[in-house]
Amino acid sequence: MPKKRSSGIGSIEVDMTPMIDIVFQLIAFFMVINNFEQTQADERVKLPRDALAKPPEVKIEHEITLNIGFLRDMQGERTNADPFLFNFGGEDMMPPLSASKALEQEARLYNNREINPADVTVKIRADAEVPTGVVQELIKLAQDAKFEKFAMSAMSSDGT
Amino acid sequence: MARNRKPQEKLETNMSAMIDVVFQLLIFFMLTLKLIEPEGDFNINMPAQGKSNPNDSEPPPLDTKVKLQANADGTLSGVFLGSRPLGNDADAFKRLNIEILRLIGSPDNPLAEDMAVEIDADYNLHFRHVISAVGACTGRVDPRTQRVVKYIKNIKFKPPQKPGAAS
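For the protein sequence lines, the chains are A and B, in the order given.
Our numbering puts the first residue of the first sequence at 3, with every later residue one more than the last.
Our numbering puts the first residue of the second sequence at 81, with every later residue one more than the last.
Bear in mind the hints are in silico, worked out from the structure with no lab data behind them.
The reader is advised that the hints may include incorrect statements.
As the list claims (entries may be wrong) - Below, a sample of chain A positions facing chain B; criterion: calculated Cβ distance under 10 Å: (1) I14; (2) V25; (3) F38; (4) H64; (5) M95; (6) P97; (7) R110; (8) L111; (9) R115; (10) V137; (11) K148; (12) K151; (13) M154.
Claimed, not checked - Under the rule of at most 16 Å between Cα atoms (straight-line distance), these lysine to aspartate or glutamate pairs were calculated in the EDC-like manner: (14) B:K242 <-> A:D44; (15) B:K114 <-> A:D44; (16) A:K48 <-> B:D121; (17) B:K236 <-> A:E139; (18) A:K103 <-> A:E93.
By construction, the Cβ of each residue, glycine as well, lies at the ideal position given by its N, Cα and C atoms.
Kindly produce the complete structure, drawing on both the sequences and the hints.
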């Protein structure tokens, strides 16, 4: 092809400016909507929904998160009958009612840092299908470890 | 000056390195993107039982009892305010919300500070109904302003009773 040959070694110049503009826009967009905050939320927990559950205006200073949920298959069906406590006390999964040791250890850690466990919020992220009694017994275990403040999480949007 | 002599000549920078890095960054941010739905909390103060109340001299708050009954599979079988049944469908919690408003008189009533709701839920009841009950007692979202109107903040729970231990 004669055209190509005539252009020889000379590079073809493309104006990169619009592309770079768009790419920077995209980067800025993804950076802004990205949430880098380290949360202890576990994805396996399908939280209940309530219109009144608004994100807190002031960030809670000290908190422990307890994720209680089920293992689910691809369709979202439960694969086990009993709930698990996820990602707590150095273990990926444990029965919720055997958490007392881990809770006491957490309380001790706060005591060592000279923080009163009563000032620590225990955030309970319980799956919508967890039996209430299990949540209450877990609260009881936390109370035995001298925790007093609790918060129950729910999705903000109203699904009904 | 040399520059002035060739005014038309374009200053060329090699963009390819920058574009490489920029694309890497773009891909990184795209992959680390985790869309999470906003979550909210209901705060509940629950000191361990048996601990003496610091305000012992004050009269105990007026308790309103909300009973949530469950079927064997954990679904809701009935909502009761005191002994009054409010049904077991999706509107039961709306009814509960209206009843609570009737109890406190008007939203944001300072008297509601002294009131408490005790939720008595069956052991195997699905947790979502408890959240609905807590939500219905705490307030409602004003449909016009989308702001939360607060009803009763003080929520308590009746200690759990294992099925079989007592019915």
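Comparing the hints with the structure gives:
The interface hint given for I14 (chain A) is broken, as the beta carbon of that residue sits about 13 Å from the closest beta carbon of chain B, more than 10 Å. The beta carbon of V25 (chain A) comes within 5 Å of a beta carbon in chain B, closer than 10 Å, and the hint placing it at the interface holds. With a cut of 10 Å, the hint placing F38 (chain A) at the interface with chain B holds, because the nearest CB-to-CB distance is about 8 Å. Among the interface hints, the one on H64 (chain A) is violated; its C-beta lies about 14 Å from the nearest C-beta in chain B, farther than the 10 Å criterion.
Using the Cβ-Cβ criterion of 10 Å, the hint placing M95 (chain A) at the interface with chain B is not satisfied: the shortest such distance is roughly 18 Å. Using the Cβ-Cβ criterion of 10 Å, the hint placing P97 (chain A) at the interface with chain B is not satisfied: the shortest such distance is roughly 15 Å. Residue-level restraint check for R110 (chain A) is violated (minimum Cβ-Cβ distance to chain B is 17 Å; threshold 10 Å). For L111 (chain A), the suggested interface contact is broken, since its CB lies about 19 Å from the closest CB of chain B, more than 10 Å.
Look at R115 (chain A): its Cβ only gets to about 21 Å from chain B, farther than 10 Å, so that hint breaks. With its C-beta approaching chain B no nearer than about 6 Å, V137 (chain A) sits inside the 10 Å limit, and its interface hint holds. With a cut of 10 Å, the hint placing K148 (chain A) at the interface with chain B holds, because the nearest CB-to-CB distance is about 7 Å. Hint status for K151 (chain A) relative to chain B: holds, with the closest Cβ pair at about 6 Å, below 10 Å.
Hint status for M154 (chain A): holds, given a least beta-carbon distance of 5 Å to chain B, under 10 Å. As the CA atoms of K242 (chain B) and D44 (chain A) are separated by approximately 27 Å, the hinted pair breaks the 16 Å bound. A hinted pair counts as satisfied when its Cα atoms are at most 16 Å apart, and K114 (chain B) with D44 (chain A) qualifies at roughly 13 Å. Of the pairs offered as hints, the one joining K48 (chain A) and D121 (chain B) holds, with about 15 Å between alpha carbons and a cut-off of 16 Å not exceeded.
Of the supplied pair hints, the one linking K236 (chain B) and E139 (chain A) holds, its CA atoms being roughly 14 Å apart against a limit of 16 Å. Distance check on the hinted pair: K103 (chain A) and E93 (chain A) sit about 12 Å apart at the alpha-carbon level, within 16 Å; holds.
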